[in-house]
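J.: Use the sequences and the hints to build the structure in full.
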Amino acid sequence: GQQLNQSPQSMFIQEGEDVSMNCTSSSIFNTWLWYKQDPGEGPVLLIALYKAGELTSNGRLTAQFGITRKDSFLNISASIPSDVGIYFCAGRRSNDYKLSFGAGTTVTVRA
Amino acid sequence: DVKVTQSSRYLVKRTGEKVFLECVQDMDHENMFWYRQDPGLGLRLIYFSYDVKMKEKGDIPEGYSVSREKKERFSLILESASTNQTSMYLCASSLGPAGPSYEQYFGPGTRLTVT
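In the order they appear, the protein sequences are chains A and B.
Quick note, in the numbering used here, the first sequence goes up one by one and the last residue is 114.
Quick note, in the numbering used here, the second sequence goes up one by one and the last residue is 1565.
Everything labelled a hint here was simulated from the structure, so no lab data went into it.
Keep in mind that this is a model prediction, so the values were computed, not measured.
Certain hints may be false.
[Claimed, not checked] Just a few of them, taken from the derived set where beta-carbon distance is under 10 Å, the chain A residues facing chain B:
no.: 1; residue: Tyr38
no.: 2; residue: Pro46
no.: 3; residue: Asp99
no.: 4; residue: Tyr100
no.: 5; residue: Phe104
no.: 6; residue: Gly107
Don't be surprised by glycine CBs; every beta carbon is placed ideally from N, CA and C.
T.: Encoded structure:
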């Protein structure tokens, strides 16, 4: 399946900072999902987006479905140590059971 | 809450052995998936199943087969394990064909080492 372009690949952030990451594709997607994976565990779904322009929050996390339907953004506000992990974007095209995944953004928080 | 469980968290097998990885979901989901995850390569789809006894190849099916005899269980089989199959294997499930039904829920993963 098509891989999504996710950036940045990694980031070191100061506790309390706001951070952003994004995911882009050359294809249109109908669904965007954001996952977080802790070391040695499976990915956990954070936010799901279904409509272009949609902005959805889950606690300190906010994600947006880009209006072109070819991108999505995830913001973490006031980062804390437990935000450490790998964040993945995933997208689904029309009439497809499958998801395409980004390569992940590794977040490390400096206390 | 959706629960996806995998039979082993860690597994060590020898080259040439037949390996079975089991996945069970308890939410009556239609779709089930097997991925492998390798550093720098992200998540790659091996096989998926959208119904009992139905399966479709993903992006990297070579060297693997699958079985889905019951709706809640999806097995990944390595017919003859090789060292290049050392990886983290993740199982996922999703409800079915519409809107939120495509959200995939993952198990904790099986770290397989082939020596």
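J.: Taking the hints in turn, state whether each one holds.
T.: Outcome of the hint check:
For A/Tyr38, the interface hint holds, the least distance from its beta-carbon to any beta-carbon of chain B being 8 Å, beneath 10 Å. For the restraint placing A/Pro46 at the interface with chain B, the shortest Cβ-Cβ distance is roughly 5 Å, inside the 10 Å limit, so the hint holds. With a cut of 10 Å, the hint placing A/Asp99 at the interface with chain B holds, because the nearest CB-to-CB distance is about 9 Å. Here the hint on A/Tyr100 is kept, as its CB sits about 6 Å from the closest CB of chain B, short of 10 Å.
Look at A/Phe104: its Cβ gets to within about 4 Å of chain B, closer than 10 Å, so that hint holds up. Taken as an interface hint, A/Gly107 checks out: its beta carbon lies about 6 Å from the nearest beta carbon of chain B, inside 10 Å.
Checked against the numbered hints above, the structure violates none of them.
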